[in-house]
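With these hints in hand, go ahead and build the complete structure from the sequences.
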Amino acid sequence: MKKIIIWIILQFLYRGMKVLYHDDKRIRHELDGWNQDKIIKLKVLNGPSISIKYTYLHGLSQTKQKPDIEIIFKSVDTAFFVFMGMMSVKQAYLEHRFILKGDIFESMRFVRCVDLVETYLFPSLMTKRILNHHEKKYHFSLLIYLKAIFTF
Amino acid sequence: MYFEFMNKTKLCAGENALTQLQYECDQYHIKHPLILTDSTLYQLKYVAKITKHLSIPYQLYTDIPVDSSIHVVKDIYHFYQQHQCDGIIALGGGSVLDTAKGVFLMLSQECDSFDEILGFEVMKKGKNIPFFAIPTTSGTGSEATSVAVIHHPQKNVKLEIISQYIQSDVAFLDPCLTIHLPLRVTSATAVDALVHAIEAYTCSGKNIMSDIYASTAISLISQNILKVIEKPKDKEIRSNLALASYIAGGAFSNSMVGIVHAIGHALGAVCHIPHGEAMSMLLIPCMKFNLDTNASLYGEILLYLDKEKYLSTKPEDLADVTISYLSNLLKILHSQTKLPISLNEVLSLKENMDEIAEKALNDGALLVNEKYVYKKDIIDILGGKYGY
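Chains as they are written, first to last, in my numbering: chain C, 1 to 152; chain P, 1 to 388.
The hints are simulated quantities; they were obtained by calculation from the structure and are not laboratory data.
Just to be clear, a hint being listed does not mean it is correct.
Stated by the list, open to error - Straight-line Cα separation of at most 30 Å, BS3-like style, residue types lysine-lysine; simulated pairs: (1) P/Lys376 - C/Lys128; (2) P/Lys376 - C/Lys25; (3) P/Lys155 - P/Lys31; (4) C/Lys90 - P/Lys375; (5) C/Lys90 - P/Lys125; (6) P/Lys371 - P/Lys309; (7) P/Lys235 - P/Lys125; (8) C/Lys90 - P/Lys376; (9) C/Lys43 - C/Lys64; (10) P/Lys375 - C/Lys137; (11) P/Lys376 - C/Lys136; (12) P/Lys155 - P/Lys350; (13) C/Lys74 - P/Lys8; (14) C/Lys90 - C/Lys53; (15) C/Lys147 - C/Lys2; (16) C/Lys137 - C/Lys147; (17) P/Lys288 - P/Lys350; (18) P/Lys350 - C/Lys66; (19) P/Lys125 - C/Lys66.
Unchecked claim - From the structure, some residues in chain C lie toward chain P, with a derived Cβ separation under 7 Å: (20) Lys90; (21) Leu94; (22) His96; (23) Ile99; (24) Asn132; (25) Glu135; (26) His139.
Claimed, not checked - Each pair of labels, with its calculated beta carbon distance range: (27) P/Leu347 - C/Asn35: 23 to 29 Å; (28) C/Asn46 - P/Lys125: 18 to 24 Å; (29) P/Ser113 - C/Asn46: 26 to 32 Å; (30) C/Ile149 - P/Glu4: 37 to 43 Å; (31) P/Tyr2 - C/Ser141: 26 to 32 Å; (32) C/Gln11 - P/Gln223: 53 to 59 Å; (33) P/Ser324 - C/Arg26: 33 to 39 Å; (34) P/Lys375 - C/Gln11: 29 to 35 Å.
No residue lacks a Cβ here, since even glycine has one placed at the ideal position from N, Cα and C.
Shown next as structure tokens:
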């Protein structure tokens, strides 16, 4: 059951980020800062995964190509905590809950984007608990949710 | 609460530590080691200080530059295989030790490309390659850490590898290797170690084990940093500083560092400021920036810096007194050793501020700074909002 929930949230995370790339200039600024295409894979050991391709100045899509950066959660339970908004990416990093293949410097932009997407997708009560900073929302979360559902 | 802590390095510390070198080589079945160092240390006959304790043949590589790169790592990797060596002895400062770690990883992981080992805890335990570290400065603590930072010239970034398998098997801290260090280098490296300990004690990754290491390192450095300026040839003082550097390395290797290092790495990459000097310039402004979040922990640090002062200070003033204590310490080091402590001394700072801030923002160290940091905050710090 946890694996199914994680898969659904991974889809929402990707779709949310894809929508927000066009609707929130902070995410566009972060991803465009790579100055080139980039593929990020989020994976749970013995669980679901998603590969997200960023195409320079165009946005996000799903892919099956080899990733430049791969974040692999060591257990389904920890991934569940993170994707259910019970643990921040920062805390997961501090607790060695995932491994990261690739350039750590380049992955920081993605981490900041995940924080921003969580601000929209999770209730503020939740984000206040897991994030040590408050990010302004420029759109209603419901609108982002609806766009995320209908984006492909 | 959950944490992990790793420190597997055997420590040979104090006077005549190097006399144990051959014994340790025997213990690890080393019969033909590769000794890695830089040309300056070779010319200063530091290699002879260690080879006189070896009774086995060895291969020597002395061309590691100050700002080592992945190309140097690959070159040494081939050199090691070509000469059929069976262990690595790294003699030098941070650049030599980090280069050695890169070589060690490529050999133990049996990989041809550096890209395969980049990242955070990516590797599984590899082939057994004995790796000894002999630091010649007392600052980086690289001999105790799970981190290697190596320059990528094409991308102009420092690539970071974090792995529990990267720590040296044995570290030798012999005061005969640091006793002739110039005073400015001595103070800069000691401040680097002090910043490792302070950031380890105050960043988000702290845990009870790293606290024990960090607080011990802070005490050792505060007790010896000014003494070494007065008595630079005192072997006990030098030993204490080398030990403090090792312990601080063990602390931050497990808890990580924060904003001082994030900006310091960027300042080094863009303006070529030596790391220890960057730490000396950034410590106070960054502590002032962090003060509202870290006040309580900064207050605790005074206990390890100066117990009497801690006991005579009102609890609400502890953090400010800590910052003022450290600020005075830096001023003394500046006056006595010419250690640069002001960002105003970085001539190319203003025109490069945006690039430094951007690089610092993408440094992994910023993720574990307890207070969240925006690019504007970094520009404020560099621009003098928090003094200096």
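Status of each hint after checking the structure:
1. Restraint check: the Cα-Cα separation between P/Lys376 and C/Lys128 comes to about 22 Å, which is no more than 30 Å; the hinted pair holds.
2. The suggested pairing of P/Lys376 with C/Lys25 holds, with an alpha-carbon distance near 16 Å, which does not exceed 30 Å.
3. In summary, the hint linking P/Lys155 to P/Lys31 is not supported, as the alpha carbons are separated by about 38 Å, beyond the 30 Å threshold.
4. Using a Cα cut-off of 30 Å, the hinted pair C/Lys90 and P/Lys375 holds, with the two alpha carbons roughly 18 Å apart.
5. Note on C/Lys90 and P/Lys125: the hinted pairing holds, with a Cα-Cα distance of about 25 Å set against a maximum of 30 Å.
6. With a C-alpha separation of about 27 Å, the suggested pair P/Lys371 and P/Lys309 falls inside the 30 Å cut-off, and the hint holds.
7. About 37 Å separates the Cα atoms of P/Lys235 and P/Lys125, which puts this hinted pair outside 30 Å; it is violated.
8. Only pairs whose Cα atoms come within 30 Å are accepted, and C/Lys90 paired with P/Lys376 is accepted, the gap being roughly 21 Å.
9. Under the criterion of a C-alpha separation no larger than 30 Å, the hint pairing C/Lys43 with C/Lys64 is consistent with the structure, at around 13 Å.
10. Taking the CA atoms of P/Lys375 and C/Lys137, the gap is about 19 Å. The hint holds against a cut of 30 Å.
11. Between P/Lys376 and C/Lys136 the alpha-carbon distance is near 16 Å, which keeps this suggested pair within the 30 Å criterion.
12. Restraint check for P/Lys155 and P/Lys350: satisfied, since their Cα atoms lie roughly 23 Å apart, inside the 30 Å limit.
13. Taking the CA atoms of C/Lys74 and P/Lys8, the gap is near 23 Å; set against the 30 Å cutoff, the hint holds.
14. Proximity of C/Lys90 to C/Lys53 is assessed by CA-CA distance (about 23 Å); at most 30 Å being required, the pair is judged to hold.
15. With a CA separation close to 25 Å, the supplied pair C/Lys147 and C/Lys2 stays within the 30 Å bound.
16. With a CA separation close to 15 Å, the supplied pair C/Lys137 and C/Lys147 stays within the 30 Å bound.
17. Between the alpha carbons of P/Lys288 and P/Lys350 the distance comes to roughly 21 Å, so the proposed pair stays at or under 30 Å and holds.
18. For the suggested pair P/Lys350 and C/Lys66, the alpha carbons sit about 40 Å apart, so the restraint of at most 30 Å is broken.
19. As the CA atoms of P/Lys125 and C/Lys66 are separated by approximately 24 Å, the hinted pair is consistent with the 30 Å bound.
20. Contact between C/Lys90 and chain P, as hinted, is supported at the beta carbon level, the nearest pair being about 6 Å apart and thus within 7 Å.
21. Evaluation of the C/Leu94 hint against chain P yields a held restraint, the C-beta minimum of about 5 Å falling below 7 Å.
22. A distance limit of 7 Å between C-beta atoms decides the matter here; for C/His96 the minimum to chain P is near 5 Å, and the interface restraint holds.
23. For the restraint placing C/Ile99 at the interface with chain P, the shortest Cβ-Cβ distance is roughly 4 Å, inside the 7 Å limit, so the hint holds.
24. For C/Asn132, the shortest C-beta to C-beta distance to chain P is roughly 5 Å, which falls under 7 Å, so the interface hint holds.
25. Proximity of C/Glu135 to chain P is violated relative to the hint, the smallest CB-CB distance being about 10 Å (cut-off 7 Å).
26. A hinted interface residue such as C/His139 counts as satisfied when its beta carbon comes closer than 7 Å to some beta carbon of chain P; here the least separation is about 21 Å, so the hint is violated.
27. Between P/Leu347 and C/Asn35 the C-beta distance comes to about 28 Å, which sits within the given range of 23 to 29 Å.
28. At roughly 20 Å, the beta carbons of C/Asn46 and P/Lys125 sit within the given window of 18 to 24 Å.
29. Separation of P/Ser113 from C/Asn46 is about 27 Å and conforms to the stated range, judged on CB atoms against 26 to 32 Å.
30. In this structure the supplied range 37 to 43 Å holds for C/Ile149 paired with P/Glu4, their Cβ-Cβ distance being about 39 Å.
31. P/Tyr2 and C/Ser141 have their C-beta atoms about 31 Å apart, which keeps the hinted 26 to 32 Å range intact.
32. The given range of 53 to 59 Å is respected by C/Gln11 and P/Gln223, whose C-beta atoms sit roughly 57 Å from each other.
33. Take P/Ser324 and C/Arg26: their Cβ atoms lie about 37 Å apart, and the range 33 to 39 Å holds.
34. Distance hint check: the CB atoms of P/Lys375 and C/Gln11 are about 31 Å apart, consistent with the given range 29 to 35 Å.
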